[in-house]
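Protein chains in written order, with my numbering: chain A, 108 to 218; chain B, 2 to 114.
If you're looking for bench data, these hints aren't it; they were derived computationally from the structure.
Just so you know, these numbers come straight off a predicted model, no measurement behind them.
Idealized CB from N, CA, C, for every residue including glycine.
Not close to chain B: a few residues of chain A, all C-beta gaps over 12 Å, as computed:
no.: 1; residue: L118
no.: 2; residue: T127
no.: 3; residue: N129
no.: 4; residue: R167
no.: 5; residue: T174
no.: 6; residue: S175
no.: 7; residue: K176
no.: 8; residue: K177
no.: 9; residue: L182
no.: 10; residue: R187
no.: 11; residue: K217
no.: 12; residue: P218
Simulated DEER-style distance windows between Cβ atoms:
no.: 13; chain 1: A; residue 1: G166; chain 2: B; residue 2: G15; range: 43 to 49 Å
no.: 14; chain 1: A; residue 1: R157; chain 2: B; residue 2: G29; range: 21 to 27 Å
no.: 15; chain 1: B; residue 1: A40; chain 2: A; residue 2: D173; range: 28 to 34 Å
To be clear about the criterion: a stretch of chain B counts as covered by chain A if any three or more of its residues have a C-beta under 8 Å from a C-beta of chain A, and this derived list gives those stretches:
no.: 16; segment: 45 to 57
no.: 17; segment: 101 to 114
In case you want the letters, here they are:
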Amino acid sequence: SQQGEEDPQALSIQEGENATMNCSYKTSINNLQWYRQNSGRGLVHLILIRSNEREKHSGRLRVTLDTSKKSSSLLITASRAADTASYFCATDLGAGNMLTFGGGTRLMVKP
Amino acid sequence: DTEVTQTPKHLVMGMTNKKSLKCEQHMGHRAMYWYKQKAKKPPELMFVYSYEKLSINESVPSRFSPECPNSSLLNLHLHALQPEDSALYLCASSGQPDGYGYTFGSGTRLTVV
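Generate the whole structure from the sequences, applying the supplied hints.
Next comes the structure, spelled out in structure tokens:
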């Protein structure tokens with residue numbers, strides 16, 4: 108079953124613009140993770156934020172977590188054409204270290 | 002070695018065939034996973050192995066049979082599949098304790114004819 112919902116489902120922006128994707132989930136979590144997937148191949152782990160953290164940065168990525176609203180956002184700054192991919196949030200409930208993925212956002216960055 | 006290797010990359014099989022998917026990692030990760038992903042959908046968990054023992058089976062049909070021969074290898078045996086089983090099958094591993102990201106393989110694109 109799907110724990111998270113992401114919006115938008117699809118996003119198209121110009122190179123250099125910022126991209127923001129949102130994720131909402133239903134139950135309490137141990138941590139939330141963001142992944143990227145190119146062209147239906149393997150997923151790449153981007154960033155992990157724990158339930159007691161509110162914000163995390165990694166390069167051009169910024170992730171926020173609001174546990175009271177059960178939501179997270181991923182911001183990609185100064186986007187590049189190479190950022191074109193699908194982005195998924197995934198929640199870890201902390202029981203058996205099992206991830207459940209949201210529906211994903213398909214991002215297209217136009218050169 | 003920080004990779005998860007999956008073979009084969011592509012597989013076409015008939016509904017009466019028996020085939021196996023293989024996954025290998027040498028990162029010392031003790032948790033390994035099989036996910037199934039249909040086009041434009043998120044990955045869905047099938048099986049979890051923790052310390053080489055099956056810990057979670059998400060009500061997967063018996064035509065899918067997982068096996069973990071050792072801490073580095075994970076297999077998925079396929080038998081009498083249906084066309085609707087066509088999908089991308091992803092293997093992943095993660096370190097312990099909780100709170101580590103997964104490392105995914107590049108997947109096996111399976112087509113059942």
